[in-house]
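Undergrad: All chains should be modelled from the sequences, with the hints used to inform the complete structure.
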Amino acid sequence: MSASNIDQARKLLIGDGITPLKLEYFAIEGVAEQVRIALAVAEVPFDDVRIGFSDWAVKKPTTKYGQLPEMILPNGDVITESMAMLRLAGEADPEGKLYPSDMATRVKVEGVLGLVGDLSRAWRPALYIGMRPEAFGYPTSAEWDKEVKDATIKKVREAFLSNELPRYMGCFTDLLKESGGKFLLGDDLTIADIAAYQQILYFKKGIADYVPKECMDPFKEINDWMERVISIPKIAAYKAKAK
Amino acid sequence: MTKFNIDQARNLLIGDGTTPLKLEYFPMEGLAERVRIALAVADIPFDDVRIGYDEWSEKKSTTRHGQLPEMTLPNGVVVTESMAMLRLAGEADPEGKLYPSEMAARVKVEGVLGLVEDMARAWRPSLFVFHRPELLGHPPSDEWDNDLKVATVKKVRGNFVETGLPRFMEYFTNYIKESGCKYLAGEDLTIADISAYQQISYFKKGVADYVPKECMDPFTEVNKWMERVISHPKIAAYKASKAK
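Quick mapping for you: the protein sequence lines, in order, are chains A and B.
Residue numbers for the first sequence follow numbering that gives the first Met the number 0, so the first one is 0 and each next one is one higher.
Residue numbers for the second sequence follow numbering that gives the first Met the number 0, so the first one is 0 and each next one is one higher.
Keep in mind that the hints are not guaranteed to be accurate.
Straight-line alpha carbon distances no greater than 20 Å define the calculated PhoX-like cross-link-like pairs of lysine-lysine that follow [said to hold, decoys possible]:
1) B:K154 - A:K148
2) B:K153 - B:K204
3) A:K154 - B:K148
4) B:K204 - A:K148
5) B:K148 - A:K63
6) A:K63 - A:K10
7) A:K96 - A:K154
The set of hints was computed from the structure by calculation and includes no laboratory data.
Source: prediction; values computed, not measured.
TA: See the structure below:
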């Protein structure tokens, strides 16, 4: 059964080995990086195609749902949705560990994936209020008084840092303590670790105004786990190559 | 292989049959209804426990992550996240159709599940601007000038009805047509249909201010698909059993 899942997934992703898998996304980590990492760990070669932001207007109408990433299988099928791609890449792990087919373990992986989704959802207003304020009932960036805009962004982001970030880091820390292992579910890396890593890494980058990279300093177990994730040989090799 | 998945899932959800599965959530459809429906279609009995809002503050600290729903398996293991529960219930379908293990079919189901989440995400600001405006940086409801609040809610929701809703209905219509006008991921009902049905049927209820139920009228194929979903014998039976 497990072998059959792996075989099916690898067949879809590799085919006869002539046409490589293609993953198309913007020239950023975003929601595609977790897929790239999973493919690297599962040893599935792929064309890592980056679409420039200036090319997006032309590219967009050719996509199935006006979104990236898109993954084109060797057989020509187009897959949408980064989480669908992440699961497929996980299924293809030759060691059967990234997305175990043992149902009790898989349910736990799905539980952590859901938690990562919750964190992403909690952050989203704070992210988009800077990028697309009109989505939340504010004037567009061009029309919004700059001081009022900055003050509102600051308020929303600081509320996230005070309330949501510690809450979610508490949940992930609990998972690490419960797992008794190196990763979120135990001793083996799963796609749950990869998804969580990418989401949490964002907050260490200090990219968003009013969200300094130091905001992650208090969370020791999380930081230690992130070091372990990034030190996995296949992941370290992928990151070194991706520069 | 299909049968192996099904057996594992049913074993987790039913055990030896002495302790029933327990699903705890608030007294509403919300995120749990898709799980309840999937369990019904998969013929999995469960205690449908409703936690009253007045009980929530006490209950919350006993939950794993301060959230509902929670699903307690017969073996005592607690499952969190409604979408993890939905997938598990799907795996348990004796006919192997709700969440097919054939990889290409499963990838398609996952693609539709992702699209449903994209739609929920697109709607969320409209939900929050009314119910929890402070999450979006607006004053809390009891402090926000009512005229200003009404104008903002109308604008955000109006924008969704005008652009967001038609865009997603076009994508779902594409899926329906691809399947030969059966279900979203193919000829058989899957958890993708159940999840999408719950998300989309919300807009036919007219429960959200400035989002009249008529907003769904133009989307013929989606409406026909919704009829097919709700007429599925096990779903019709489940809905009838709930009607008081």
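Undergrad: Look at each hint and say if it fits the structure.
TA: Verification of the supplied hints:
1. B:K154 - A:K148: holds, 18 Å
2. B:K153 - B:K204: holds, 17 Å
3. A:K154 - B:K148: holds, 19 Å
4. B:K204 - A:K148: violated, 35 Å
5. B:K148 - A:K63: Answer violated: K148 (chain B) to K63 (chain A) is near 36 Å, above 20 Å.
6. A:K63 - A:K10: violated, 23 Å
7. A:K96 - A:K154: violated, 42 Å
Hint compliance for this structure: hints 4, 5, 6, 7 are broken, all remaining hints hold.
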